[in-house]
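Protein chains in written order, with UniProt numbering: chain A, 1 to 253; chain B, 1 to 660.
Wrong hints could be hidden among the right ones.
Unchecked claim - To be clear about the criterion: a stretch of chain B counts as covered by chain A if any three or more of its residues have a C-beta under 8 Å from a C-beta of chain A, and this derived list gives those stretches:
(1) 279-288
(2) 317-327
Unchecked claim - Below, a list of computed lysine to any residue pairs in the SDA-like style, where the Cα atoms sit at most 25 Å apart:
(3) B:Lys9 with B:Asn109
(4) B:Lys265 with A:Ile56
(5) B:Lys657 with A:Ile56
Hints listed in this document are in silico derivations from the structure and should not be mistaken for laboratory results. Predicted model, so just to flag it, every value in this text is computed and none were measured. The beta carbon of each residue, even a glycine, is placed where N, CA and C say it ideally should be.
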Amino acid sequence: MSILIARKVRKTYGKRSLAQEVLKGIDLEVEKGEFVGIMGPSGSGKTTLLNVLCSIDQVTDGFVEINGQKLQGMKERTLAKFRRDELGFIFQDYNLLDTLTVKENILLPLSLSTIPKAAAEKRLQDLVSILGISDILSKYPNEISGGQKQRTSAARALISNPSLVFADEPTGALDSKTATALLDNLSEINKAKNATIMMVTHDAVAASFCSRVLFLKDGQIYTELYKGDKSRTEFFQQILNTQSVLGGEQGEA
Amino acid sequence: MKLSQLVFKSMQKNMRHYYLYFFALIFSVTLFFSFVTLQYNESIIAATKVSGTASSGFEAASYMLYFIVLFFVLYANHLFIKRRSKEIGLYQLIGMTKGLVTRLIAFENILLFIGAVSIGMVLGLLSSRLFAMILLKLLQFDAVVTMTFSKVAVVNTLMVFGVLLVIILVQMAFMVRKTTLLSLFNASKQADERVKSFSVFPMMMGAIGLGLIIYGYYRSTVLFTGQTTNLFLSMVIILATTIGGTYLVFRFSVAFLLNLFRLTKKGHLNLTDVLALTPIMHRMKGNAKSLTLITVLTAVSLAITTLSYISYYSASSSAEDEMPADYIAVDGREEPFIQALKQEGIAFEQKTFRLTSAQFDLATIFSGDVIGMFQGNTLSDALIIPLSDYHQLNSKVQLNKGEAIITGFSGFQSNIMPIEAPIDLTLLHQESEIPLRIKEVNDTAVLAWRVTAGGFIVVVEDSVFNQLQRLNSEYAIGYSTQEQTSINLTNADEETYKQVEKLYKQTGANVLFKSHEGSTVNKLSSQRSTVEYNLNLFGTTIFTTAFLGLAFLLATGSILYFKQMSEADEEAESYRILRKIGFTQDELLKGIMMKQLFNFGVPLLIGLLHSYFAVRSGWFLFGTEMTTPLLITMTLYIVMYIVFASLTISYYKKIIKQAL
């Protein structure tokens with residue numbers, strides 16, 4: 001069953017003569033339980049695609065359907081509720097609120113829901129034990145490390161049991177060891193909770209944790225790779241090869 | 001690019017940052033200029049001449065106004081520089097010297113000042129006409145206001161704002177000099193407090209703060225009673241305890257109480273907690289000082305405005321206390337006046353009171369606390385009138401043998417040194433003693449204040465009165481006035497009053513006391529001219545105080561508004577996050593409203609409480625009616641605060657909308 005369906009998605013910034021087409025008609029489907037990576041050189045439209053898919057930005061043309069609900073035509077208010085109930089977000093710069101403790105940050109998406117406190121508490125304990133942040137719950141974001149912040153962010157994204165989790169360069173600000181630990185956590189959650197995750201990254205190592213990787217170039221899907229039964233190292237090598245064919249700025253990978 | 005080009009370019013691009021500061025400047029100039037213009041306006045000078053204190057009042061008020069403006073502009077400049085810390089840091093990063101950056105900002109400031117002073121003066125000229133009309137209306141003075149462009153006012157304003165500019169430049173140069181590159185980039189992030197965990201210290205400090213405020217309130221309620229031995233010291237104590245207490249409450253109690261509340265939630269916060277409670281808690285350390293300042297300023301201006309409004313509001317009722325009849329004449333001087341009235345066919349009624357004096361010991365009727373104020377000299381004079389004369393005012397009163405009543409006991413006297421009936425009072429005249437039982441104390445005004453000199457009146461049986469009169473004819477003590485005649489016109493119109501006013505003076509019925517050589521003449525005023533005099537006297541006072549109150553209010557309101565604007569800018573990132581993870585604009589705005597309810601509501605509430613106790617402690621020195629003027633001024637303040645809060649909320653609305 002497809003969780004996400006995108007058809008002929010186009011996105012243009014600017015007006016008339018200055019208009020720049022960032023997404024040039026993208027068709028995409030994501031199945032439940034998939035861990036999808038989106039890669040591509042800088043300026044290929046990765047983040048724009050993610051923003052459009054997760055309803056933070058509007059498409060110029062085409063449509064996006066998540067869990068059978070079409071985003072286009074929804075009102076601002078309905079969209080916000082939809083994001084809150086159906087989607088989870090992990091951002092490169094963590095996006096935690098400085099004034100809230102780790103626990104409060106994680107429970108934030110539930111603050112307007114009717115989920116009983118006990119149930120919320122159980123979900124929280126479940127997640128933090130997988131992510132290994134049980135002992136920092138009462139700390140403030142400025143008292144914890146980047147890796148811990150990103151795990152907190154991941155826990156917040158998952159607390160509402162979303163249909164789909166969007167991650168925008170989640171490892172971008174982390175060192176490689178911390179990044180690997182976080183990705184391990186994400187794939188564990190992906191398997192254990194059958195959570196669907198869609199991740200934008202320019203890091204081949206990060207992408208190698210996914211079950212499928214899409215390559216974007218100049219606003220179009222250039223190719224896609226399935227991990228299948230390959231080992232992570234093999235998949236990593238394959239990703240690197242594709243990247244070199246793709247050209248552009250791979251030095252960063 | 002030349003320095004001047006850089007300045008113009010950056011001003012063009014940063015209009016959003018400048019506009020707030022620019023507005024604050026224009027506003028200050030407008031307020032100051034219109035006030036000074038008023039001060040030098042011919043028709044205003046003519047109208048306020050009657051009360052000699054007006055011009056000095058205006059002058060004192062203009063100094064106060066200067067301080068408000070100074071404080072306000074300095075604050076706005078401080079916020080302005082803080083908002084631009086990144087820009088200043090960037091200039092230094094690309095290799096500009098501190099001197100050059102200082103010159104750059106100085107140049108900008110001079111431009112801003114020139115612009116603001118020009119615009120402010122034009123607006124000030126326009127608004128001064130409005131203010132002039134309000135003032136003349138208050139003085140009940142019918143005159144067409146001709147607004148002239150006063151050179152003195154212009155020079156005055158230019159000088160004041162010139163000095164202010166120099167101060168601002170020094171402040172700014174100092175700020176640029178003392179900051180390092182690193183701290184400039186972080187300036188807007190300072191003053192965040194992490195409330196960590198339960199600790200005894202803030203709880204103690206918060207409790208002490210509350211205790212101090214309550215103690216200050218208590219002291220204020222007994223300020224003008226016998227319990228106070230040193231008035232000045234008491235006032236200083238009250239000010240220190242309430243202001244100190246307010247600071248401690250803001251600094252410690254608020255964050256502490258909010259944290260307790262937060263802990264009970266065990267991490268399951270609702271959106272209001274996230275948007276209102278936690279930011280307030282975290283900013284309390286940085287905001288405590290300014291909130292205290294705002295609260296105190298609100299309280300002070302509210303109290304002053306209320307007190308002067310009480311004076312104005314009570315102008316006629318206190319005139320009635322001073323002059324209980326339309327016209328009053330003493331010791332037979334009413335004869336020619338009455339003849340003249342009859343001749344003109346003017347209807348009137350008259351009441352004549354015979355008067356005599358006796359002495360009594362204050363110690364017998366006042367409590368020990370009060371007696372301390374007289375420092376051992378407790379023998380005092382009392383005015384005595386016979387019951388039969390008192391019957392003209394109240395025919396129902398009956399006195400048994402040895403009984404008496406005290407009348408005309410009102411105003412601040414009755415508040416400071418109350419007398420509770422029944423009480424024993426012994427009238428003295430040399431060796432004679434007349435013991436009396438006072439069965440009632442009332443505040444009916446019987447005699448002119450100029451006759452009683454503030455003392456109370458004892459109503460006695462006619463026999464007692466005759467006895468005292470006889471004693472006084474042998475050896476006179478106390479008051480010299482022997483008789484008072486009160487004359488009230490019946491069904492008179494405005495014209496008649498004017499005519500009678502002239503007769504009153506022409507016939508010499510208004511003479512209270514004349515020395516043998518005729519060199520000193522004390523005169524009475526009619527009730528109407530007393531009312532006029534009061535209105536005139538208090539009209540100027542209420543105008544200047546109301547003007548200052550308005551200036552204070554606008555300054556404090558604007559500061560709260562500015563603070564919230566920069567807070568909103570700083571928190572835009574949080575709103576972006578919250579909107580991304582799926583909260584609607586309306587939901588966020590609801591939380592923001594709660595936050596503003598606190599930010600504006602708490603200083604206002606504490607300010608109102610402070611001013612209530614301040615007014616309550618001494619209102620009777622200013623007038624006869626407290627509740628209505630107090631409620632009216634408070635309502636006005638509340639409305640103004642609501643306006644500022646709404647402005648703030650609409651700014652937040654914009655920020656939230658733009659956040660995503």
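Cross-check of the supplied hints:
no., hint, in the structure
1, 279-288, "holds (count 3)"
2, 317-327, "violated (count 0)"
3, B:Lys9 with B:Asn109, "holds (14 Å)"
4, B:Lys265 with A:Ile56, "violated (31 Å)"
5, B:Lys657 with A:Ile56, "holds (13 Å)"
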